[in-house]
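Q: Build the complex: two chains, separate frames, hints provided.
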Amino acid sequence: MRLSSKHLTLIVMAALIAAAPFFFPSGYYFRVGALIFVNALAVTGIVILTGYAGQISLGHAGFAGIGGYACALAPVHLGLHPALAVVLGAVISAVLAFLVGRPILRLKGYYLGVASLGFGILVAMVLNNERGLTKGPDGIEVPDLGLRAVLKGWGLDLSNGEFWYAFTGICLVIGAWIALNLFNSPTGRALRALHGSEVAAGTVGIDVARVKLQAFVISAVYASVAGSLTALQNKFITPDIAGFMHSVEMVTMAVLGGVGSVPGAILGAGILTLLPQVLTVFAEYEQLILGLVMMLVMIFLREGLVPSILRKFRGRGE
Amino acid sequence: MSEFLQFLFSGLTVGAVYALVALGFTIIYNASGVVNFAQGEFVMLGGMITVFAHAAGLPLPLAALIAIAATAAIGVALNKLAIEPARGAPVVTLIIITIGASIFIRGAAQLIFGKQIHTFPAFSGDDPIHVMGATILTQSLWAIGGAAAVFVALWLFFTRTILGRAVLATSNNRLAAQLVGINTDFIMTLSFALSAGIGAFAGVLITPITMTSYDVGLGLALKGFAGAMLGGMGNPKGAFAGGLLLGLFEAMTAGYLSSQYKEAAAFVVILAVLFFMPQGLFGQKSTDRV
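Line by line, the protein sequences give chains A and B.
Read in our numbering, the first sequence has 270 at position 270, and its numbers run on one by one without any break.
Read in our numbering, the second sequence has 350 at position 32, and its numbers run on one by one without any break.
Source of the hints: derived by calculation from the structure; they are not laboratory data.
Be aware that one or more of the hints could be misleading.
To be verified - Now the stretches of chain A that chain B is said to cover, found in silico as 3 or more residues with beta-carbon under 8 Å:
#1 19-25
#2 101-110
Unchecked claim - Computed far set for chain A versus chain B, every beta-carbon distance over 10 Å:
#3 Leu8
#4 Tyr29
#5 Asn234
Unchecked claim - Beta-carbon label-pair distances, calculated as ranges:
#6 A:Leu296 <-> B:Gly443: 39 to 49 Å
#7 A:Val32 <-> B:Met529: 52 to 62 Å
#8 A:Thr203 <-> B:Leu497: 39 to 49 Å
#9 B:Gly432 <-> A:Leu151: 46 to 56 Å
Note that beta-carbon positions come from the ideal geometry of N, C-alpha and C, so glycine has one too.
Looking at chain B on its own, in the form it has when it is part of the complex (with noise of 0.2 Å):
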């Protein structure tokens, strides 16, 4: 029970983890059509900001409010000069630019962080509870409370404010949205501002765990889509739920099966999912229109 306890709190903060990178895949999705490969890279940058804005001698909620900031305006750049000018291209195209701004970002990163893993401190120390025989970090317990709260206020935001219901106008029908006079270039910066801010939130989070260097991004992209395909692409819930869940996968493949493959159980999980339910596990069944 105590090691099924413990496998279950490490499910739970990587899970945490890819279930914020697939909401921000999510938002970025259902505002632009994009999938956007770069999206673990503002998971790296808001660790490695944080990490080098407190080395600085800056206070680390400061420290990371900026890094949050900082990766937000990239996001919005890379909106800016690399998917608006090319929107309307094929699929291919468009994940090869997402690859290409993920491939620039990351050797961005390794010129200016150098390619050392580097670390913060933990928010609350490093002293683990003890729960039934298992124990968890207390950095576990922000990075999960964090992603819940994360979720929560997403949730507030896209039902109860004007502006979040103009972004689920915009992601159902540009042309409606415009024409009911929503500013749809301000709701696709927004988008992308939030989707990247939420990444660099959980590279804030989970560093002090994992600690990060300037290539963890790619891996985590991977990760966090697979998330938002196994929950529905386009789903929020969906997101949050496929992120946990797959975590869980590969905490208990790792602890009952092979620590090797437990990055198989994801994608084993997610050809899974494509084969038997396209849709994922909260997507609506889709229909073509010819």
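Extracted from the complex, chain A is given alone in its bound form (with noise of 0.2 Å):
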């Protein structure tokens, strides 16, 4: 049997995954690579909305934050297991991103950006605003996911590192097979469609106003459950998940790597979430250098790293 490049693609990311704790001199590179995971996980979703449907978003860290705010509250509040508070939080984000996503995504290029963002800064608003439920700015604590507890009882005794390692390295494949899945389906097809052409698919029968309303919910889901996994790995939580940056870095994670692609998507994830732990040496000069690698990136590499250097590779040829 042949094998795709969806299942190569896979199966390198999980044997990298898996092969990479080898290297690692000490336990705090498993902690970056569980924030390296999830932020990828989030970028996945956007590499769905802004790589196969050409729609831009800068308030998806909106979604993130109420996928993060539903684990630090419905346990305590609700009385719902933190795994279904996750769940909570995607179907919240879900319903949300439906009944936004609706009109504002009539709007195009830099109205769609800032309607989005406009309401990833009212979420933000609201997460810093109602300190009776959110403690405001200073955040809220996020109890325990359990899980470690449980395998330790099966007998696999996991530090805590290890174990975020591992289960969010194992929640990025699902979400780039999904996601690879997605872009051979009808309802990919669909959407690479209207970002050629919006005219063009609509007059070949796509529903383009409900397809581009499927790739934002969807999307939304992802940045809600990779907030999820941050605020229940971190057992903290402050609206910054939410705030205007952090939309901003998931895009740049998403068009740095190469918009178009899953495993460009966690390239640009890998090398954002390093460039700050890499710079704490020069913390002074952190804004300064993050600012240049993306104005640099963006005017050399216009596709993103991936498709820039897969092109290399390839030659003139294709």
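A: In structure tokens:
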């Protein structure tokens, strides 16, 4: 059986995630790895929205905030298990994305960017201001997921870092698998068609508004789950998770690696997550360097790293 | 009544700044089709450079002039180094470039000017003027007057001078403008200088009231952008009116509803405008060419 590129991508991903710990000099790297995987999961959602369908969102951090705060609040106030709180967060995000997406996806380009930005900022503002519920800007504690204790009962004793590395890694592979399947599904083809031309897609019978909305809702669920995982992993969450800069980070990660491709998104997430860790030595210069990297990559490698590098390898043949 | 008047004054003051930022947005958007998220950094730079030039012993007007000139130069550099090389790139790419520029300028400002809050003295003293039970700072009058003066000057520039008309021609159709002999590269440089200079001027006007720090830019950029969109993207009159309206909305929300959610007012208004009249208050209905 010949391996499709989809399976190859997934196998390489899983192998890399499984093999990397053998080269980790200390437990700290598990934590960094888990951070990368969570970011990559959120960015995979952006790939579906921006890379497949060509729609811009500068407000997806709002959904991450909803997912994160669902894990902080639902177990305390509703008595839900944290794992169910993740599902609840995803459902709320999906419903909200459906309601908000309907009117704003009629907009294009910058207008869509601003409308989604406004949505994200409103979510961040509610999280900051409703102190009675969210404890405001100082953040709130998040209960333990409890899965590690269950695994321990089964005789699998992982450190906290190891557990989250493995768990987020598995979530990322599942997320990537869904996204890659979507790419070749009828919905995925419809999305790519409307990316090319909405009018043309409409004339061949694609319900443009409905398909766009689907992409928006799916990507919102990705962001929400990623937000939940962040909250559960840190056992703490602040409204910064829903902030404008987090939205910008997501889009930048996606575009940096190559917005059309899932591996690109993961690479972008990896680079932008590692950058601040490496730059802690030059903490003073962190913003300066981040801004510079964003500009340079976008000017010189417009398509992002992965597509630009692939093109180099393939040469002029294709 | 005096309460309302008080909110009106504070709304007009911040509105004047939003209006100037929105005008700056509009100039760059018209010239290059780029929405410049670094617009707010110009305001920050204008205030900051004035603070430091003034602290170095220069008289305030000269310090302000230097700040405006320096910021205009930075605007030109932004165009030459980051926007021009990426011409024709997709919207997402351009958004990230200008956000990158904004983060870069903020990072540089943090290194050079530090993280403290800075200010300089108001132009004509700190004694407020009493009007029908409300008070207004003289600096507020400077801000409102300054914004109005910039608007009128721009209007005259665009309608009465050859150069201004060349800018309009370039924004309408770059290629056609080149064909009739307009140096569009120069027009582009001019637009960025003008836009950055106006931003810096707004910073000079408002810093004695609100103070400034290295990180005020992003918030102002978003508000200015919102104002421009409220008025109808690409329309200078709309941008000016939109900025002022946004300031008023904010002040009234803060006064009568909740000061915590005053920023929300701006974005609720934007979402409402985008949903119900996507062209903004003054924009023309657009049709797509396929």
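Q: If you test the structure against every hint from before, which numbers come out violated?
A: 1, 7 and 8
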